[in-house]
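*Asks:* From first to last, the protein sequence lines are chains A and B. Reminder that position 197 of the first sequence reads as 196 in numbering that gives the first Met the number 0, one-by-one numbering, no gaps. Reminder that position 42 of the second sequence reads as 41 in numbering that gives the first Met the number 0, one-by-one numbering, no gaps.
Honestly, I wouldn't trust all of these hints.
What the hints assert, rightly or not - Examples of chain A residues toward chain B, derived with CB under 7 angstroms:
id, residue
1, Gly15
2, Tyr196
3, Gln373
Unchecked claim - Ranges of calculated distance between the beta carbons of each label pair, as one might list FRET restraints:
id, chain 1, residue 1, chain 2, residue 2, range
4, B, Gln68, A, Ala54, 23 to 29 angstroms
5, B, His10, A, Ala32, 47 to 53 angstroms
6, B, His10, A, Glu276, 46 to 52 angstroms
7, A, Arg255, B, Gln68, 42 to 48 angstroms
8, A, Ala277, B, Thr4, 49 to 55 angstroms
9, B, Ala43, A, Asp28, 28 to 34 angstroms
10, A, Val95, B, Ala43, 45 to 51 angstroms
11, A, Arg482, B, Gln68, 47 to 53 angstroms
12, A, Thr248, B, Ala78, 45 to 51 angstroms
13, B, Lys91, A, Ser317, 40 to 46 angstroms
14, A, Arg80, B, Ala43, 46 to 52 angstroms
15, B, Ala43, A, Arg83, 45 to 51 angstroms
Everything labelled a hint here was simulated from the structure, so no lab data went into it. The beta carbon of each residue, even a glycine, is placed where N, CA and C say it ideally should be.
The primary structure of each chain is shown beneath.
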Amino acid sequence: MTTRPALELRDAIARGDRAAAAVCLDTLDRIDAAPQAWNAIITVARERALARAAALDAREDARSLPLLGVPVAVKDNICTRGIRTTAGSRLLDSYVPPYDAAVVERLEAAGAVVVAKTNCDEFAMGSSTEHSAFGAARNPWDLERTAGGSSGGSAIAVATRLVPLALGSETGGSVRQPAALCGVVGLKPTYGRISRYGLIAFASSLDQVGAFGASVSDVAACLSVLAGPDPRDATSAPAPVDDYLAATTQDVGGLRVGVPRAIMVDGVDDGVRRAFEAAVDVLRSAGAVIEDVELPHSRYATATYAVIVMAEASSNLSRFDGVRYGTRVEGDTLAEMYARTRARFGQEVKRRIMLGTYVLSAGYYDAYYRKAQQVRALIRRDFARAFERVDVIATPTTPTPAFRLGARLQDPVQMYLADVFTVSANLAGIPAISVPCGWVEGLPVGLQLTGPAFGEATILRAAAAYERKSEGTFGPSDHSDFRTR
Amino acid sequence: MSTLTRRDVEHLASLARLELTDHETELFTRQLGDILAFVREIQAVETSTLELTLDAGARALGLRDDAVQPSLDRSEVLAASPEADTASGLFKVPRVLNG
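Looking at chain A on its own, in the form it has when it is part of the complex (with noise of 0.2 angstroms):
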């Protein structure tokens, strides 16, 4: 059977086996004696926790809350009332919402608690979680390699079971990549499907909340939990939430998963081609009809992202300016007093606002952002055209398997291709998920499947019939254990 930590221990609550809090106080225990050189929590909410716990068990009505105490780990660029939020960023760093987002909300109203607040890259930018201010997270399978980012501490805390489930935040594949290079299943939903009030917003047009799991199953639940509109987000949409944990029980004979080959070309590591080809012939044997797609755009679209990444941001973070929250670094004059307290983003904050302050400036603007929103269009029309002939679209997830610290942080182009195969569906405002598909040299790499908009039931029912098929040919089991010093 396929594990599935976080409804089990809701179930063992449910019948009442165990106590919400003492699976709480359990792991908040192991939370404090996580090797610290995995660096993935920068806050623990304790008292908090313990008391939503206590507060659960005294409930006579809780046995039937989806997720009845399951402890959540949850990005520190969602915002909780009361336990210090910093994005990851030394402005921020004493920052204490006055209010919890949309997604802790929902998680708690469904009886999970919220244990503590994960590492990540400055305000989610970055793919490897090395441009923190709270220092580097590492990769709990080889602690000399990244664990993927911009989610990088989210996807450590599910791998290693600190907690079975994690909220993650994704703008151009920040929950899928650390997924896949973790060994953990991600998924970043269609855009508007969960509430993004309360997420500390890098870019608009993009950025969505995601769930990181042991199992299809649990992120299935969670997803669940979390999916539905918002009158507080604008953009979150109406649309019906599908019963996703059911989609995870059908099968996938006749499915249609198309594979856009002509963009696995250049780039992409001998070892992760063989475990995604691996993985379509799993998909194929259970019944899958598999086609060939083609995605024209595809090949522009980490530089079309990197365009529009960068001007949303740059407008976006102009809000850090010292006056209403976070960190002031005194000026005589208020231009001064913004210049020096906007001097304590770090490198990749900055490089990032001044791309994106030239690109939106009087003369570039048409060559670059106009540009970038035409091949966008493009982008996503290639992707409508492919699903009137496929219901999910097979790649890797990334490239190449969690890549050496430090290696990338000189050359930003060559960490932006770290996320070439996930950037496109968060252009095209659509969902997919990565699913663990094998082992290349010791290090997990990920399946990614995608889906039409609102199409979620549709890609988690295709990533829980490859978790099934392909369970005990792979996993935890064929490499020894994390390491932790």
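Got chain A sorted already, so can you dock chain B onto it with the hints?
*Replies:* Okay, now just chain B, sitting in the frame of chain A:
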């Protein structure tokens, strides 16, 4: 299109209200040029027949009634700011106008 000069970088930093160190100015002069060279590949894409929609494919957003609704507690919001005058309910900033 030429690469960026040090003066370009200093000008951008002042537009973005960012104080940069000398090292950052030097680093960005090189790196921003490299990144712009990389993203310039999109300029080869044929888009002349395309009608530009700024957020292509986005759904029409719902509108809410223009009515006063509960919001965050003012004193809690002010408490999270670097400097505020809680009694008058205002954020405080350095002098903006001289005289």
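*Asks:* All hints, please: hold or fail.
*Replies:* Each hint tested on the structure:
no. : hint                                     : in the structure
1   : Gly15                                    : violated (38 angstroms)
2   : Tyr196                                   : violated (12 angstroms)
3   : Gln373                                   : holds (4 angstroms)
4   : B/Gln68 <-> A/Ala54: 23 to 29 angstroms  : holds (28 angstroms)
5   : B/His10 <-> A/Ala32: 47 to 53 angstroms  : holds (51 angstroms)
6   : B/His10 <-> A/Glu276: 46 to 52 angstroms : holds (50 angstroms)
7   : A/Arg255 <-> B/Gln68: 42 to 48 angstroms : holds (46 angstroms)
8   : A/Ala277 <-> B/Thr4: 49 to 55 angstroms  : holds (51 angstroms)
9   : B/Ala43 <-> A/Asp28: 28 to 34 angstroms  : violated (56 angstroms)
10  : A/Val95 <-> B/Ala43: 45 to 51 angstroms  : holds (48 angstroms)
11  : A/Arg482 <-> B/Gln68: 47 to 53 angstroms : holds (51 angstroms)
12  : A/Thr248 <-> B/Ala78: 45 to 51 angstroms : holds (48 angstroms)
13  : B/Lys91 <-> A/Ser317: 40 to 46 angstroms : violated (19 angstroms)
14  : A/Arg80 <-> B/Ala43: 46 to 52 angstroms  : holds (49 angstroms)
15  : B/Ala43 <-> A/Arg83: 45 to 51 angstroms  : holds (46 angstroms)
This entry does not satisfy hints 1, 2, 9, 13, going by the numbered hints stated previously.
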